[in-house]
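Working from the sequences, and respecting the hints, build out all of it.
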Amino acid sequence: MRTIAIMNRVLKELIRDKRTLALMFVAPILIMLLMSVIFNTNSTTDVNVGTVAVTRKLNQEMGDIKHVDVKTYDTKADAKQALQDEKIDAIIKKTGNNYELTYANTDSSKTAAVKMSFKNAVTATSIDQLKSALKKSTTGMAKLQAQLMVMQKQQAASTTAATGNAAAAKQAAATKAKSTTTATKSTSQKTPKITNHYVYGDKNTGYFAKMLPILMGFFVFFFVFLISGMALLKERTTGTLDRLLATPVKRSSIVFGYMLSYGILAVIQTVLIVLITVWLLGMEVVGNMVSVVVINLILALVALAFGILLSTFANSEFQMMQFIPLVVIPQIFFSGIIPLDSMADWVKGISYIIPLKYSGDAVSDIIMRGTSIFNEGWNILVLLVFLVVLTFLNIIGMKRYRKV
Amino acid sequence: MAQAMIDLAHLAKKFGDQTVLKDINLTVNAGEIVGLIGPSGAGKSTVIKVALGMEVANGGSAKVFDTVMPDRKLLGRIGYMAQTDALYDDLSGEENLKFFGVMKGIAKASMAAEIAHAAGVVDLTADLKKRVAGYSGGMKRRLSLAIALLGNPELLILDEPTVGIDPALRRQIWAELGKIRDAGRAILITTHVMDEAELTDRVALLLGGKVMAFDKPAALKQQYGADTIEDVFLKAEGVE
Ligand SMILES: Nc1ncnc2c1ncn2[C@@H]1O[C@H](COP(=O)(O)OP(=O)(O)OP(=O)(O)O)[C@@H](O)[C@H]1O
Ligand SMILES: [Mg+2]
Chain A
6 MRTIAIMNRV
16 LKELIRDKRT
26 LALMFVAPIL
36 IMLLMSVIFN
46 TNSTTDVNVG
56 TVAVTRKLNQ
66 EMGDIKHVDV
76 KTYDTKADAK
86 QALQDEKIDA
96 IIKKTGNNYE
106 LTYANTDSSK
116 TAAVKMSFKN
126 AVTATSIDQL
136 KSALKKSTTG
146 MAKLQAQLMV
156 MQKQQAASTT
166 AATGNAAAAK
176 QAAATKAKST
186 TTATKSTSQK
196 TPKITNHYVY
206 GDKNTGYFAK
216 MLPILMGFFV
226 FFFVFLISGM
236 ALLKERTTGT
246 LDRLLATPVK
256 RSSIVFGYML
266 SYGILAVIQT
276 VLIVLITVWL
286 LGMEVVGNMV
296 SVVVINLILA
306 LVALAFGILL
316 STFANSEFQM
326 MQFIPLVVIP
336 QIFFSGIIPL
346 DSMADWVKGI
356 SYIIPLKYSG
366 DAVSDIIMRG
376 TSIFNEGWNI
386 LVLLVFLVVL
396 TFLNIIGMKR
406 YRKV
Chain B
62 MAQAMIDLAH
72 LAKKFGDQTV
82 LKDINLTVNA
92 GEIVGLIGPS
102 GAGKSTVIKV
112 ALGMEVANGG
122 SAKVFDTVMP
132 DRKLLGRIGY
142 MAQTDALYDD
152 LSGEENLKFF
162 GVMKGIAKAS
172 MAAEIAHAAG
182 VVDLTADLKK
192 RVAGYSGGMK
202 RRLSLAIALL
212 GNPELLILDE
222 PTVGIDPALR
232 RQIWAELGKI
242 RDAGRAILIT
252 THVMDEAELT
262 DRVALLLGGK
272 VMAFDKPAAL
282 KQQYGADTIE
292 DVFLKAEGVE
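Chains as they are written, first to last, in this note's numbering: chain A, 6 to 409; chain B, 62 to 301.
Hint data in this document are derived by calculation from the structure and do not stem from the laboratory.
Don't take each hint at face value.
With a Cα cut of at most 25 angstroms, we get these calculated SDA-like pairs of lysine to any residue [to be verified]:
id : chain 1 : residue 1 : chain 2 : residue 2
1  : A       : Lys-17    : B       : Lys-277
2  : B       : Lys-124   : B       : Asp-276
3  : A       : Lys-17    : B       : Lys-169
4  : B       : Lys-201   : A       : Thr-242
5  : A       : Lys-239   : B       : Asp-276
6  : B       : Lys-271   : B       : Lys-134
7  : A       : Lys-148   : A       : Ala-162
8  : A       : Lys-239   : B       : Asp-84
9  : A       : Lys-255   : B       : Val-81
10 : A       : Lys-255   : B       : Gln-144
11 : B       : Lys-277   : B       : Gly-102
12 : B       : Lys-83    : A       : Lys-148
13 : B       : Lys-271   : B       : Asn-86
14 : B       : Lys-134   : A       : Gly-402
15 : B       : Lys-277   : B       : Asp-256
16 : A       : Lys-408   : B       : Asp-84
17 : A       : Lys-23    : B       : Glu-155
18 : A       : Lys-239   : A       : Glu-91
Structure representation (structure tokens):
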């Protein structure tokens, strides 16, 4: 009863604070839209590709693709120099039947554009090759038939069958083998081995799609943390917390009342962000959207408990803001937006205490790989442990203001 | 003798190195108004906070309703008004009253009547729908008092309730406090207005962490050979 009354009051206060509401709902949308505009501009960017020892056909195919310029280099060293001088964005080198691609990768959208155009060009060329190979083998077949016919005639003409026959069979087998090698050759040309090299980062660097699920969690965490922390701080500094604690209300009711109200807010915020990313940014959600909301809700409650806890160490709104660079920003670094594999072991260790990492992992799995929420047990469990421990600390911590 | 609503015995309280209360002995009985006076920083608010269990005493005992404080459930029987107006600015006066009414555990059925009565006493009925952010200083103080009055608590603890309230309304409020006392409930009130101290049944003078004097106003005046409580205060403080 009291918990519900506290929830109602907190919600009422929030709804009347239009600016804060706008911050919670409009700001994330604005940032997302801004990012999508920026990333969309990047995807039609012009790329310059340097090629070394690549067939004229492939060069031509790639050059025909819009926004792609091809420059040919005689040696790999020349191409590398050009890459370093930022004259080209990628090098395609052919060694035997295989391709070796090197990307500057300072701009992941350019890397993606090169990959795409190269793939298209290779497909187009190999289709051509397939055609010519087919033609070759058809002519080969015709030749073979002609030979066979000649042989049959010879056979019919000759009465000393045995030796002639054997020779003819040998010859036929040889021709056959030759045509098979042509065939194998053409199949191997269809799937040349492609190796990718990145001057900067790796294939995961800076993909907007990879960032989105984590970004979503970040918005939820950031705003709930900040606003709930501020709200409790205000209760403390204006004395309403003391007054509240001078009634028979339980300390836990206060904490749970806050959880309920901010939980509701977080659900609305997450749904909004998910819808925006799906509709406006065209993000593909492979898994279940409800699962995404559920995980973000748990994350929001962790953020809330965190905000309330830290607000007890702040004496003013400005001091609360000081927690942003200390607590919120580092979360981004360890959330998985930057690949953790490349970090030193002790740095990686830090990521284990970052709530955003667990929610980011879970939501990424659900959105990009369609993992079921029931297979995210570990991530959810860790988040729940965070939640329970922080909530417990908050209830205990309120003893500072009332001893029972 | 009447039943002791508050019984503080040998209470001591330290904030870090600073000893604020040394040895406080104070009782508040049912059916009386006890005034707590003393210079600023003497520790009046601290006495109240210890009595309520919001601060823990370093020595001695604080009992309310014969129960050792702190005790959460007892708080429902106490109406507390803090020195600062602790109000939710974004809510209206009525919403503030209702919220604290629920927190105090007032039944839904009697809530409307309780709010109407408390608002009437402090003359806020016309402004109940207004947001507190638009209240004047005195209005906020009155709303704060109305919240303390909610639910007819057996014990009222008021920390400077009449600061910033005009004389006519102050008189009205004291009339209400008199009625509460006559109904057999108890009031502990701190004030810097010595005229108000005259209106109490007993006055406790807090000085140097101790209750220097604790008696009826008339008896105190006699004891110090003064005409008014204000003179008593000044004499005790050694100003004159
Ligand atoms: N939470 C606290 N932490 C540290 N010191 C405190 C705290 N609360 C009060 N004090 C100190 O205790 C002393 C008494 O404070 P208190 O508020 O009880 O005075 P008061 O008699 O109510 O004064 P006033 O008449 O101005 O309201 C002051 O010196 C104050 O600095
Ligand atoms: Mg005080």
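Cross-check of the supplied hints:
Between the alpha carbons of Lys-17(A) and Lys-277(B) the distance comes to roughly 48 angstroms, so the proposed pair goes past 25 angstroms and is violated. Distance hint between Lys-124(B) and Asp-276(B) is fulfilled; the C-alpha atoms sit about 20 angstroms from each other, no more than 25 angstroms. Note on Lys-17(A) and Lys-169(B): the hinted pairing holds, with a Cα-Cα distance of about 20 angstroms set against a maximum of 25 angstroms. Note on Lys-201(B) and Thr-242(A): the hinted pairing holds, with a Cα-Cα distance of about 16 angstroms set against a maximum of 25 angstroms.
Distance check on the hinted pair: Lys-239(A) and Asp-276(B) sit about 40 angstroms apart at the alpha-carbon level, beyond 25 angstroms; violated. Simply put, Lys-271(B) and Lys-134(B) have alpha-carbon atoms about 29 angstroms apart, too far for the 25 angstroms limit, and the pair is violated. Pair hint Lys-148(A) plus Ala-162(A) holds up; C-alpha atoms about 21 angstroms apart against a cutoff of 25 angstroms. Proposed proximity of Lys-239(A) and Asp-84(B) is contradicted: the alpha carbons are some 34 angstroms apart, above 25 angstroms.
Simply put, Lys-255(A) and Val-81(B) have alpha-carbon atoms about 29 angstroms apart, too far for the 25 angstroms limit, and the pair is violated. At roughly 23 angstroms between alpha-carbon atoms, Lys-255(A) and Gln-144(B) fall within 25 angstroms of each other, so this suggested pair holds. Of the supplied pair hints, the one linking Lys-277(B) and Gly-102(B) holds, its CA atoms being roughly 24 angstroms apart against a limit of 25 angstroms. For the given pair, Lys-83(B) sits about 119 angstroms from Lys-148(A) by alpha-carbon distance, which is inconsistent with the 25 angstroms threshold.
Restraint check for Lys-271(B) and Asn-86(B): satisfied, since their Cα atoms lie roughly 8 angstroms apart, inside the 25 angstroms limit. For the suggested pair Lys-134(B) and Gly-402(A), the alpha carbons sit about 20 angstroms apart, so the restraint of at most 25 angstroms is met. With a CA separation close to 14 angstroms, the supplied pair Lys-277(B) and Asp-256(B) stays within the 25 angstroms bound. Of the supplied pair hints, the one linking Lys-408(A) and Asp-84(B) holds, its CA atoms being roughly 21 angstroms apart against a limit of 25 angstroms.
The straight-line distance between the Cα atoms of Lys-23(A) and Glu-155(B) is roughly 21 angstroms, inside the 25 angstroms bound, and the hint therefore holds. For the given pair, Lys-239(A) sits about 53 angstroms from Glu-91(A) by alpha-carbon distance, which is inconsistent with the 25 angstroms threshold.
The structure shown violates the earlier hints numbered 1, 5, 6, 8, 9, 12, 18.
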